[in-house]
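Q: Sequence:
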Amino acid sequence: MSTVLNKKYYLSKDVVKLAKDLIGKVIHTNIDGVLTSAIITETEAYAGITDKASHAYGGRRTQRTEVMYSEGGIAYVYLCYGMHYLFNIVTNKKDIPHAVLIRGIYPLKGIETMLQRAHKNKLTKDIGKGPGKVTKLLGIDKRHNAISLLDNTIWLSDENINIKKNAIIVSKRIGIDYAGEDALLPYRFSVNDEGLINSINK
DNA sequence: CGTACGATCTGCT
DNA sequence: GCAGATCGTACGA
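Residue numbering for the first sequence follows the numbering used here, starting at 504 and increasing by one per position.
Some hints could be false.
To be verified - Quick list of in silico lysine-lysine cross-link-like pairs, DSS-like style, CA-CA up to 30 Å:
1. K645 <-> K612
2. K645 <-> K632
3. K645 <-> K511
4. K523 <-> K596
5. K597 <-> K639
6. K523 <-> K511
7. K555 <-> K632
8. K612 <-> K510
9. K675 <-> K639
10. K555 <-> K516
11. K645 <-> K555
12. K516 <-> K597
13. K555 <-> K639
14. K668 <-> K516
15. K632 <-> K520
16. K523 <-> K632
17. K528 <-> K516
18. K667 <-> K510
19. K628 <-> K675
20. K511 <-> K528
21. K596 <-> K528
22. K612 <-> K623
23. K596 <-> K511
Simulated from the structure, these hints should not be mistaken for lab results.
Start from the sequences, fold in the hints, and give me the full structure.
A: This is the structure we're talking about:
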């Protein structure tokens, strides 16, 4: 049985717990006329105005970060290093800029399309490892910034994929050395390859 | 208006 | 392991 993640889910007050819970959930996109879906294998939490690694640190509100202050359940997509789109899920209630960055996925449906988008000819374990690759495979770009995740373009579901607790790795976040001591926070969650394969093959 | 740089990936060494 | 690609955003002048 499959359940689409609803508004209540995204309104969770605990962004770190949510980031962990999203491991093993399924993300679907209906973009450019193609349906794709993939298991979420890696996430990072960005905990609002007190988190130095967050774009909303210190309560910063700009045209770009305004999206993060919306009510949970929408997408925050932005360009990084001038060439990669990064996909985040905005969580918590309005005016609390929490978000979860999706850093890794593993393709389930629409694999042919994803291979084309990645310019690859075969499926590998690491095809969806890395936040820039996630958006590339799923076809997400800045057009999808601020869209609802309760609609039929991008949405998430719980397919009862059972990831063993001990297959989830908790670590510090990546690429945020500028965040001082907050760079050390255990806000990154990922499932190891073995745990992932075990969950898919049943 | 100018400028510095980033929640990265790839290919070459 | 490292440099290069490449550009919107943020912020100071």
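Q: If a hint holds in the structure, say so; if it does not, say that too.
A: Hint-by-hint comparison with the structure:
Using a Cα cut-off of 30 Å, the hinted pair K645 and K612 holds, with the two alpha carbons roughly 23 Å apart. Distance check on the hinted pair: K645 and K632 sit about 20 Å apart at the alpha-carbon level, within 30 Å; holds. For the proposed pair K645 and K511, the alpha carbon gap of about 25 Å is at most 30 Å, so the pair holds. Of the pairs offered as hints, the one joining K523 and K596 holds, with about 19 Å between alpha carbons and a cut-off of 30 Å not exceeded.
This hinted pair checks out: K597 and K639 have alpha carbons roughly 29 Å apart, not beyond 30 Å. Between K523 and K511 the CA atoms are separated by roughly 17 Å; this keeps the pair inside 30 Å, and the hint holds. Distance hint between K555 and K632 is fulfilled; the C-alpha atoms sit about 24 Å from each other, no more than 30 Å. Our distance criterion of 30 Å between C-alpha atoms is met by K612 and K510, whose separation comes to about 24 Å.
At roughly 24 Å between alpha-carbon atoms, K675 and K639 fall within 30 Å of each other, so this suggested pair holds. Using a Cα cut-off of 30 Å, the hinted pair K555 and K516 holds, with the two alpha carbons roughly 19 Å apart. As the CA atoms of K645 and K555 are separated by approximately 24 Å, the hinted pair is consistent with the 30 Å bound. In summary, the hint linking K516 to K597 is supported, as the alpha carbons are separated by about 11 Å, within the 30 Å threshold.
Under the criterion of a C-alpha separation no larger than 30 Å, the hint pairing K555 with K639 is consistent with the structure, at around 27 Å. About 22 Å separates the Cα atoms of K668 and K516, which keeps this hinted pair within 30 Å; it holds. A C-alpha spacing of about 21 Å is found between K632 and K520, which places the hinted pair at or below 30 Å, so the restraint holds. A C-alpha spacing of about 17 Å is found between K523 and K632, which places the hinted pair at or below 30 Å, so the restraint holds.
This hinted pair checks out: K528 and K516 have alpha carbons roughly 19 Å apart, not beyond 30 Å. Annotation: proposed proximity of K667 to K510 holds, straight-line Cα distance about 26 Å (limit 30 Å). About 22 Å separates the Cα atoms of K628 and K675, which keeps this hinted pair within 30 Å; it holds. Between K511 and K528 the alpha-carbon distance is near 16 Å, which keeps this suggested pair within the 30 Å criterion.
A distance of roughly 21 Å separates the Cα atoms of K596 and K528; the hinted pair therefore holds under the 30 Å criterion. The suggested pairing of K612 with K623 holds, with an alpha-carbon distance near 16 Å, which does not exceed 30 Å. At roughly 10 Å between alpha-carbon atoms, K596 and K511 fall within 30 Å of each other, so this suggested pair holds.
Checked against the numbered hints given earlier, the structure satisfies every one of them.
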